[in-house]
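Chains as they are written, first to last, in the working numbering: chain A, 1 to 230; chain B, 1 to 230.
It is worth saying that the hints were derived from the structure and are not from the lab.
Take the hints with a grain of salt, since some may be wrong.
Claimed, not checked - Each pair of labels, with its calculated beta carbon distance range:
| hint | chain 1 | residue 1 | chain 2 | residue 2 | range |
| --- | --- | --- | --- | --- | --- |
| 1 | B | Ser170 | A | Arg133 | 14 to 24 Å |
| 2 | B | Gly202 | A | Ala187 | 42 to 52 Å |
| 3 | A | Arg47 | B | Arg27 | 47 to 57 Å |
| 4 | B | Val65 | A | Thr204 | 48 to 58 Å |
| 5 | B | Asp99 | A | Gly30 | 50 to 60 Å |
| 6 | B | Arg113 | A | Ala183 | 37 to 47 Å |
| 7 | B | Arg58 | A | Ala183 | 29 to 39 Å |
| 8 | B | Gly30 | A | Arg47 | 26 to 36 Å |
| 9 | A | Leu93 | B | Arg113 | 12 to 22 Å |
Unchecked claim - Pulled a few chain A residues facing chain B out of the computed Cβ check, cut under 10 Å:
| hint | residue |
| --- | --- |
| 10 | Ala5 |
| 11 | Gln128 |
| 12 | Arg133 |
Keep in mind that this is a model prediction, so the values were computed, not measured.
Glycine included, every Cβ here is placed at the ideal spot set by N, Cα and C.
Number of protein chains: 2
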Amino acid sequence: MDVGALAFDVFGTVVDWRAGVAREAARLLGPDVDAHAFADAWRARYRPSMEEVRSGGRPFVPLDVLHRESLPEALAEVGAGPVPDDVAAELVLAWHRLDPWPDAVPGLTRLRRRFVLAPLSNGGVRLQVDLARRAGLPWDLVLGAEVVGRYKPDPEVYDAAARLLALPPSAVLVVAAHVDDLAAARARGLRTAYVHRPDEFGGTRVPPERDPGADLSVSSLEELAGALGC
Amino acid sequence: MDVGALAFDVFGTVVDWRAGVAREAARLLGPDVDAHAFADAWRARYRPSMEEVRSGGRPFVPLDVLHRESLPEALAEVGAGPVPDDVAAELVLAWHRLDPWPDAVPGLTRLRRRFVLAPLSNGGVRLQVDLARRAGLPWDLVLGAEVVGRYKPDPEVYDAAARLLALPPSAVLVVAAHVDDLAAARARGLRTAYVHRPDEFGGTRVPPERDPGADLSVSSLEELAGALGC
Chain A
1 MDVGALAFDV
11 FGTVVDWRAG
21 VAREAARLLG
31 PDVDAHAFAD
41 AWRARYRPSM
51 EEVRSGGRPF
61 VPLDVLHRES
71 LPEALAEVGA
81 GPVPDDVAAE
91 LVLAWHRLDP
101 WPDAVPGLTR
111 LRRRFVLAPL
121 SNGGVRLQVD
131 LARRAGLPWD
141 LVLGAEVVGR
151 YKPDPEVYDA
161 AARLLALPPS
171 AVLVVAAHVD
181 DLAAARARGL
191 RTAYVHRPDE
201 FGGTRVPPER
211 DPGADLSVSS
221 LEELAGALGC
Chain B
1 MDVGALAFDV
11 FGTVVDWRAG
21 VAREAARLLG
31 PDVDAHAFAD
41 AWRARYRPSM
51 EEVRSGGRPF
61 VPLDVLHRES
71 LPEALAEVGA
81 GPVPDDVAAE
91 LVLAWHRLDP
101 WPDAVPGLTR
111 LRRRFVLAPL
121 SNGGVRLQVD
131 LARRAGLPWD
141 LVLGAEVVGR
151 YKPDPEVYDA
161 AARLLALPPS
171 AVLVVAAHVD
181 DLAAARARGL
191 RTAYVHRPDE
201 FGGTRVPPER
211 DPGADLSVSS
221 LEELAGALGC
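Here chain A stands alone, though its shape is the one from the complex:
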C-alpha cells in the first residue's frame, strides 16, 4: 500500500470509552448507580443524537453538546435522577478523559515514524486534544467531524481528510474498529484497516474478528505497525 497518512477512529478503536465513562460516572454518581450500564446507556444515544445533524435538521454542534443533551435520558435509564449542572458538565468531560487501549500508544508511536497520524473522530477538536495530551497520543494534527462540520459516516469527513492531508484518497488509511465507518471510508476511495476490539462493549456485543472488506484486519495497533513495516 502506498500510504502516507493514517486517520483513526478514536472511541473504541484507540481509547476504551466504556471503562473511562464508567470510571468518571462512579466518581461523580456514587456507588448506587451501575456505572457500566450508564456508560452503555449513554453510548446507545450517540448515533441517534447525531441523526438530526446528519439529516440537516439542525446545524452542526460539537459532540459535547449532543452528549449533554442525551445525558438526562441515559441517567434515567439506569434509575439515576437529574444531576446539577456542574456534575453534568463534569460527566460530559468524562469523554475527554478516556484511557487508551494498552497497545495504542506503543503502536501509534511506531507508526508515527513513517506516517502522518490524525484522529478522524466524531468527537470534537478540543476533546481530541484533551485525550491526546492526557494519554500521550502522538497525533500530527486533528481531523474529523468538527473540522468539517459534518458527522461520520457523511462522505465529507473522509473527503476532507485526504484534502487537508494533500494526499489522494488512496494514500490515506482509515483505521477503525467499526465496519460501517470503514465501509463509508472505502466508498470515498480511502484505504481501510480494521481493528478487532472484543472488549469495546464489555462483552455485551461481540464485534467480528475480521472485516473481509478491509485492506487489513488486525487485533492491535502494534500489530498494525508490524503489518505496515514500522
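Let chain A serve as the given structure and place chain B on it in line with the hints.
Chain B in isolation, oriented as in the chain A frame:
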C-alpha cells in the same frame, strides 16, 4: 492572563522562511541566481496573492497554489528563466522545509507543558505538518487558514481558533512577529504576544522592537515561556 492555548503565526515567527527558501533555491537554481533576493521577491508576492481570495474574487485555494502561481514572476524578478514543472514543484515545497529559529523548539517545548499549542498560519495544513515533523515543533493540533477556508487577517481565522479550542477568545494568546496579525487578533478579542524577529527580512526591513498594543513583547519563544511561567 488566564490563557489556555497559544496560537502561533509561523512564517517569520517560528521558522526562518528567508534562509530556508534561499537554501532550497540555491540547491535547485544554481549559483547564478541570488537566492536571498529570490526569496524576498517571492515573499513580496505573498500578500498580494491572497487578496483575490480575501476579497471573494476566487474560492479559497491553499497557499501552495498561490506560491506556484507567483513563482514565475519571482523568478523573472531575479533574472531567472522559467523552470521545468518538477523544479517548480520542488521550489513550492521549499516552504514545507523551513528551519525553526534557534529558540523555537526549546521555547515551544516548555510552553507545551502548560498550554495547548497550535500553528495559526496562512500556510496549508499539510505544509504545517511537514514543517512540524521535520523540525520537531510540538503542536497539539493544526489551526489556521486552510481549516477555515479564509486567510489571515480575515476575522474568521481568529474566531475559528477559539471555537475549535473550545475557549473564550480572551483565553487564546496569538503569538506573532507581525503587528497587523496581532491587531486583527485583538479585534476579535484574543490576547496577543509580539515576538521581535530582527532577522526575518535579512536586515532589509527592521521590525519594531515592541508592539505597544500587545499584552506582551518578547524577543524569543524562550523568553515567552519564561514570561508565562513555564
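Structure-based check of each hint:
1. About 21 Å separates the C-beta atoms of Ser170/B and Arg133/A, a value consistent with the hinted range of 14 to 24 Å.
2. With their beta carbons about 50 Å apart, Gly202/B and Ala187/A fall inside the hinted range of 42 to 52 Å.
3. Checked against the hint of 47 to 57 Å, the pair Arg47/A and Arg27/B passes, with Cβ atoms roughly 52 Å apart.
4. Against the hinted window of 48 to 58 Å, the Cβ-Cβ separation of Val65/B and Thr204/A comes to about 50 Å, which satisfies the hint.
5. For the pair Asp99/B and Gly30/A, the supplied restraint of 50 to 60 Å holds, since their beta-carbon distance comes to about 55 Å.
6. At about 41 Å, the CB distance of Arg113/B to Ala183/A agrees with the hint of 37 to 47 Å.
7. Arg58/B and Ala183/A have their C-beta atoms about 36 Å apart, which keeps the hinted 29 to 39 Å range intact.
8. A hinted range of 26 to 36 Å for the beta carbons of Gly30/B and Arg47/A is inconsistent with their spacing of about 59 Å.
9. Distance hint check for Leu93/A and Arg113/B: the Cβ-Cβ separation is about 21 Å, which falls inside the suggested range of 12 to 22 Å.
10. Here the hint on Ala5/A is kept, as its CB sits about 9 Å from the closest CB of chain B, short of 10 Å.
11. Checking Gln128/A against chain B by beta carbon gives a least distance of about 7 Å; that is within 10 Å, so the hint holds.
12. Below 10 Å, beta-carbon pairs count as interface contacts, and Arg133/A has one with chain B at about 7 Å; its hint therefore holds.
Violated hint for the displayed structure: number 8, the only one.
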